[in-house]
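*Asks:* Going line by line, the protein sequences match chains A and B. Its first residue numbered 1, the first sequence is counted upward by one per residue in the numbering used here. Its first residue numbered 1, the second sequence is counted upward by one per residue in the numbering used here.
Treat the hints as calculated values from the structure; they're not laboratory data. Don't take each hint at face value.
[Said to hold, decoys possible] Quick partial rundown of chain A residues pointing at chain B, CB under 7 Å, derived from the structure: (1) 40; (2) 42; (3) 45; (4) 90; (5) 105; (6) 107; (7) 108.
Cβ atoms here follow ideal geometry from the backbone N, Cα and C, with glycine treated the same way.
Take a look at the letters that make up each chain.
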Amino acid sequence: AAGVIQSPRHLIKEKRETATLKCYPIPRHDTVYWYQQGPGQDPQFLISFYEKMQSDKGSIPDRFSAQQFSDYHSELNMSSLELGDSALYFCASSSGLAGGHEQYFGPGTRLTVT
Amino acid sequence: LAKTTQPISMDSYEGQEVNITCSHNNIATNDYITWYQQFPSQGPRFIIQGYKTKVTNEVASLFIPADRKSSTLSLPRVSLSDTAVYYCLVALGDRGSTLGRLYFGRGTQLTVWP
Chain A
1 AAGVIQSPRH LIKEKRETAT LKCYPIPRHD TVYWYQQGPG QDPQFLISFY
51 EKMQSDKGSI PDRFSAQQFS DYHSELNMSS LELGDSALYF CASSSGLAGG
101 HEQYFGPGTR LTVT
Chain B
1 LAKTTQPISM DSYEGQEVNI TCSHNNIATN DYITWYQQFP SQGPRFIIQG
51 YKTKVTNEVA SLFIPADRKS STLSLPRVSL SDTAVYYCLV ALGDRGSTLG
101 RLYFGRGTQL TVWP
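With the rest of the complex left out, here is chain A (with noise of 0.2 Å):
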């Protein structure tokens, strides 16, 4: 079965440059939800997406910006990267909202600030 895509799977950056997640869903589904986990940490909700639409909003750096595109894949935009934005960056996917539906989620694109 298909499932979540992310690229790229790593991705190194110096401080102050930008990058470029992305996220291809599950087909079908409908929403996306970007996630951060840091070394030894949780993950930690970022932003959503339901039908291209920005649904929910975490704690995303105001750094960050995100959107859904019509094929409802997603793009994790970051700038000026610091050094604590090293970490797995995780995308899901769901069909549909409400908090009854399953999460998909992607291998992670890890991410290393030098």
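Dock chain B against the given chain A, drawing on the hints supplied.
*Replies:* Structure of chain B alone, referenced to chain A:
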């Protein structure tokens, strides 16, 4: 927001049944109780979800008492490959803009020994 509390770590041996209990005293009427499993450097994986009483699937059972202030994840006959972090989550029900986001608290590191 219903905060969840679960043990930081648990140890077990292969073939044993493991029960991980989570407390969520402030759970709201429409909230679901959801459990995820995470291996190092991988995205969380949905295990089971329930609203009340008992739910069973091919990998686990979830027991929820009538007051819904706690829940117990039961893993029958664990194997070495079940070594992972297990997260108990309250998946928000229909609460407007916060639909669907998952709050990951401190999970339980389960270690299965041979």
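*Asks:* Take the hints in turn and mark each one as holding or not.
*Replies:* For each hint, the structure was consulted:
1. 40: Violated. Min distance 11 Å.
2. 42: This hint holds: residue 42 of chain A lies near chain B, its Cβ roughly 4 Å from the closest one there, short of 7 Å.
3. 45: With a minimum Cβ separation of about 5 Å from chain B (threshold 7 Å), the hint on residue 45 of chain A holds.
4. 90: Hint on residue 90 of chain A: holds, closest Cβ of chain B at ~5 Å, below 7 Å.
5. 105: 3 Å, holds
6. 107: 6 Å, holds
7. 108: 5 Å, holds
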